[in-house]
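Colleague: Chain by chain, the residues run as shown.
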Amino acid sequence: MTVALPERGARSPLARYWHSLRLLATRDLRVRYSTSFLGYFWSILDPLVMAGIYWFVFTQVFDRSVGAQPYIVFLLSALLPWTWFTGAVSDTTRAFIKEAKLVRSTKIPRTIWVVSLVMSKGIEFVASLPVLAFFVIIGGAAVNPDLLLFPLAIAIQAILTVGIGLIVAPLVVFFRDLERAVKLGLRFLFYASPIIYGVTDLPQWLHFWASFNPLSGIFSIYRSAFFSDQLDWSMVLISAAMSIVILCIGMLVFKRTIRSVLKEI
Amino acid sequence: MTQSDIADRAAAAPQTAVISVTDAGIRYRRNRRARRNFKDLFSARARKTRPGEFWALRHVTFDVQPGEAIGVVGRNGQGKSTLLKLVAEVVLPDEGRVGVRGGVAPLIEITGGFVNDLSVRENVFLTAGLHGMKRSEIESQFDEIIEFAEIGDFLDTPYKHLSSGMKVRIAFAVVSRLEEPIILVDEVLAVGDRAFKEKCYNRIEELLAGGRTLFIVSHSEKDLRRFCTRGLYLDKGQLVLDAPIAEVLERYNAEYGVK
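Residue numbers (this note's numbering), protein chains in the order written: chain A, 611 to 875; chain W, 22 to 280.
Some clues are possibly wrong.
As the list claims (entries may be wrong) - So these bits of chain A aren't anywhere near chain W, every CB distance computed over 10 Å:
{"id": "1", "residue": "Ser630"}
{"id": "2", "residue": "Leu634"}
{"id": "3", "residue": "Phe647"}
{"id": "4", "residue": "Val671"}
{"id": "5", "residue": "Gly750"}
{"id": "6", "residue": "Asp756"}
{"id": "7", "residue": "Leu796"}
{"id": "8", "residue": "Leu799"}
{"id": "9", "residue": "Ala820"}
{"id": "10", "residue": "Leu857"}
{"id": "11", "residue": "Cys858"}
As the list claims (entries may be wrong) - Chain A regions said to be covered by chain W (calculated; three or more residues, Cβ under 8 Å):
{"id": "12", "region": "712–722"}
{"id": "13", "region": "832–841"}
The set of hints was computed from the structure by calculation and includes no laboratory data. Ideal Cβ placement from N, Cα and C applies to all residues, glycine included.
With these hints in hand, go ahead and build the complete structure from the sequences.
Modeller: So, in structure tokens, the structure goes:
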């Protein structure tokens, strides 16, 4: 048998990046779905149960004074993207630790380890949207053309999440405490973000600060599809700008620390 | 080696070298508890050695021409595997530079990319894909890979249920199939039964005959003599001798060999 060096179609670095990214993201999904019986349903069950709890507490126990009618649609339109955000960020804390062996033996661009996690959770998010559609129909919510802004919200959220991941992933390798700190931070952020309430429900003096939470702008886009009064372009602009700044910081942190990360794992 | 030497060498080195390592050095921390602060972490490439750190490799310079077979020799902990990792570009040098032209098939931690919960078939596509093979390429080679690993009956078995020997066999079969011009081998051949080991050796010889460049770390003098033409002798993180393999082994045996 002869093993002459074959001519290979040259592939651009970008094509290789995309190729590896897709492989890893689908691997994550395949592992998740091949090992559990309920598979896909787990990814929607979590936000669904949460939504159920808040819906019960705020409409049946207390008299709801925040959000809008139908409240379940109001909740889910922010809870589903929140599930993506929180799942991806807490996964990135383990990005290098979990994949240590693979990182040590392949030389694909290292940002893939973070981006693939954000992507696989993002795919789950998109796959969970039919649930939202279901409740929109059941609840009789009005859909307006702002629905077309969904891709914009997804893009901003992806930028923001990747940015945070690029900061968190390498730093956790050196400061393991950060893993728990991130968990705590996420829990705080859940209540600090307009999920069970809308920004308009906040007292006037908090509006300014709330707009500096990049999630406010992102969730306001998702919500505007069903509640047009939720859209606030100045907030969207601020969160887009902040997401890009965070991504830049993330790339800088990642670039500066990756050398040490590779030695450490 | 002085700066001007390096400059001379760089100028003289032909542009055809597939691996070109110039004054490379890499530094590790001696103990995990050494204090680490944000400032250290972000200082890009400070040349100063900080307390609690040591140079695993320093001032290493060599070029490799296409088709050469190079054996790395040295005692444990003298930087052999670190050198291999530098060439595989899975770690980055703290000083100097490591240039690798063309792809690398790293037989280092070969089972690392395999996922326990996925089947053998899925794992083959995943690992080969991550190393840069296209789907169509993998499909055309798939049967050969499976045949080489002698694992045909277990295609749909989850990877975790394979015996440890089978795991290494399938991993070797995949990575040695990569159509890359450079092959790195780090003592992975110490596992597997004798028949499979011989098969691996034959495969490596085939690859060498096909014009690949081989970079091998081994403690087995027999293996080194069988494959290599040139040797690199590492001691205390320095490249002390770069010569034909026989000469390198002779020096190594003279210094550390069992008399």
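Colleague: Please go over all the hints and tell whether each is borne out by the structure.
Modeller: Here is what the structure says about each hint:
{"no.": "1", "hint": "Ser630", "in the structure": "6 Å, violated"}
{"no.": "2", "hint": "Leu634", "in the structure": "7 Å, violated"}
{"no.": "3", "hint": "Phe647", "in the structure": "14 Å, holds"}
{"no.": "4", "hint": "Val671", "in the structure": "41 Å, holds"}
{"no.": "5", "hint": "Gly750", "in the structure": "42 Å, holds"}
{"no.": "6", "hint": "Asp756", "in the structure": "39 Å, holds"}
{"no.": "7", "hint": "Leu796", "in the structure": "22 Å, holds"}
{"no.": "8", "hint": "Leu799", "in the structure": "23 Å, holds"}
{"no.": "9", "hint": "Ala820", "in the structure": "30 Å, holds"}
{"no.": "10", "hint": "Leu857", "in the structure": "18 Å, holds"}
{"no.": "11", "hint": "Cys858", "in the structure": "15 Å, holds"}
{"no.": "12", "hint": "712–722", "in the structure": "holds (count 7)"}
{"no.": "13", "hint": "832–841", "in the structure": "violated (count 0)"}
Comparing the model with each earlier hint shows violations of hints 1, 2 and 13; every other hint is respected.
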